[in-house]
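A.B. asks: Chains as they are written, first to last, in the working numbering: chain A, 1 to 116; chain B, 1001 to 1116; chain C, 2001 to 2116; chain D, 3001 to 3116.
Since the hints were derived computationally from the structure, they do not count as laboratory data. Quick caveat, the model's predicted, so the values are computed rather than measured. There could be a bad hint or two in this list.
Using 25 Å as the maximum straight-line C-alpha spacing, the simulated BS3-like pairs for lysine-lysine come out as follows [stated by the list, open to error]:
no. : chain 1 : residue 1 : chain 2 : residue 2
1   : C       : K2100     : D       : K3005
2   : D       : K3100     : D       : K3088
3   : B       : K1088     : B       : K1005
4   : C       : K2093     : D       : K3012
5   : D       : K3088     : D       : K3009
6   : C       : K2009     : D       : K3088
Not the full set, but computed from the structure, chain C residues with beta-carbon under 10 Å of chain D [stated by the list, open to error]:
no. : residue
7   : L2010
8   : E2058
9   : F2072
10  : A2079
11  : I2086
12  : D2108
Backbone N, C-alpha and C fix where the C-beta goes; we use that ideal spot for every residue, glycine too.
Protein chains: 4
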Amino acid sequence: MDVNKVSNKLRKFAEERNWEQFHSPKNLSMALAAEAAELLEIFQWLTEEQSKDIVKSEKEIAQVKEEIADVFIYLVRLADKLNIDIEKEVLAKIALNENKYPIDISKDNAVKYNRR
Amino acid sequence: MDVNKVSNKLRKFAEERNWEQFHSPKNLSMALAAEAAELLEIFQWLTEEQSKDIVKSEKEIAQVKEEIADVFIYLVRLADKLNIDIEKEVLAKIALNENKYPIDISKDNAVKYNRR
Amino acid sequence: MDVNKVSNKLRKFAEERNWEQFHSPKNLSMALAAEAAELLEIFQWLTEEQSKDIVKSEKEIAQVKEEIADVFIYLVRLADKLNIDIEKEVLAKIALNENKYPIDISKDNAVKYNRR
Amino acid sequence: MDVNKVSNKLRKFAEERNWEQFHSPKNLSMALAAEAAELLEIFQWLTEEQSKDIVKSEKEIAQVKEEIADVFIYLVRLADKLNIDIEKEVLAKIALNENKYPIDISKDNAVKYNRR
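Next comes chain A alone, as it looks inside the complex:
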């Protein structure tokens, strides 16, 4: 994916509607959390097994896709406003996680490293 292209599209979208006034990092962090919670809501009464089977429901998977897109959109907007290179940060974080969660002591155990 060309994240820069998506980011530029979203910036143009906001500029054309004069929405940059609403897109402070604070507000974008709220919109992002609100969209993430809409995803959460889809799964709240499902068992874990049912959550895997959601791909079989055309209506529900369509909703999941839309919410995933919404989260992505606000995440890219927020990174754009703060001049953050998402790819660079994601790769750095994966490297960090490899150190925080060594395979041997993390096997079968998802406990957060600072609670071990």
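For chain A, the structure is supplied; the task is to place chains B, C and D on it using the hints.
C.D. replies: Same frame as chain A, now just chains B, C and D:
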């Protein structure tokens, strides 16, 4: 960014730690929302202006970068588990938004289309 | 519980620290969501059965108690700032839910009424 | 408010609909976070000043009241399932906060104690 490459890296990371057992879509939606809220928390007592100036604080912007990476990571994991092509869905959603929020009636007005 | 007493205590707490400046409804809604997400995080990798058994872990249940208190505190603060009588609204909502979810068609089915 | 009475009403409501099967602590933490985010969404594009003035909009304040009730309802349900005495925990947390945020060093400063 090569989202597939990131997605594969994350899958390998989970497999090596035997964490796929924890990564049901339900659980991933929870982890995603929890990370989005950590981003929210950074901004909660800041004014909108202060939220823009967060780039000037080395410590705080480092934290923002890490949380943005975390949200991205769980989003990519969730999409992977449900066989969702994020790029395709994001482009579809932007096209949808262009219809839902026509420039003329959306100018200066971020009210959600279903509340207009 | 005397919610007014709790509300007054919290108002005094904020006033003494000159924190009313931070407690706009917008900011309080962020703090509330952030605390709710900390609760979520405790349960994210647990199965539903494990989540019921959390009462057996002294350390974890203590954390749950603290997060529940935090959510309650911000909820009461927000209601106070907007002159909302929580008890009245809760009783009204329960009555509303009784109409939205009649026993016969809601039995064993938690699907949100607007998705039926 | 008689929280026990509200808690008993909610338990009866769930039992009559056979919804106890859905109300694991894990699921309730999701529903709680989802409702808190609906509150957040109302405020996301408002300035802090506009968020204070929301009381003037009949339609919006009605929505805020309903979401506050929803958060409260799931919080009470969760506490009930885990045998947590909310009032006791809230008073304990306020006392804890008085120690964590002494008036002199907290004046005009809402920075979380563990970041000072």
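A.B. asks: Evaluate each hint against the coordinates.
C.D. replies: These are the hints, each one checked on the structure:
The hinted pair formed by C/K2100 and D/K3005 meets the criterion: a straight-line CA distance of about 21 Å does not exceed 25 Å. Under the criterion of a C-alpha separation no larger than 25 Å, the hint pairing D/K3100 with D/K3088 is consistent with the structure, at around 18 Å. Among the hinted pairs, B/K1088 with B/K1005 is consistent with the structure: their alpha-carbon atoms are about 16 Å apart, no more than 25 Å. Between C/K2093 and D/K3012 the alpha-carbon distance is near 15 Å, which keeps this suggested pair within the 25 Å criterion.
Between D/K3088 and D/K3009, the direct Cα distance comes to roughly 20 Å. Compliance with the 25 Å bound is thereby established for this hinted pair. For the given pair, C/K2009 sits about 14 Å from D/K3088 by alpha-carbon distance, which is consistent with the 25 Å threshold. Because the beta carbon of C/L2010 sits about 7 Å from the nearest beta carbon in chain D, less than 10 Å, this interface hint is met. The beta carbon of C/E2058 comes no nearer than 13 Å to any beta carbon in chain D, farther than 10 Å, and the hint placing it at the interface is violated.
A least Cβ separation of about 5 Å between C/F2072 and chain D falls short of the 10 Å threshold, and the interface hint therefore holds. A distance limit of 10 Å between C-beta atoms decides the matter here; for C/A2079 the minimum to chain D is near 6 Å, and the interface restraint holds. Hint status for C/I2086: holds, given a least beta-carbon distance of 6 Å to chain D, under 10 Å. Contact between C/D2108 and chain D, as hinted, is supported at the beta carbon level, the nearest pair being about 5 Å apart and thus within 10 Å.
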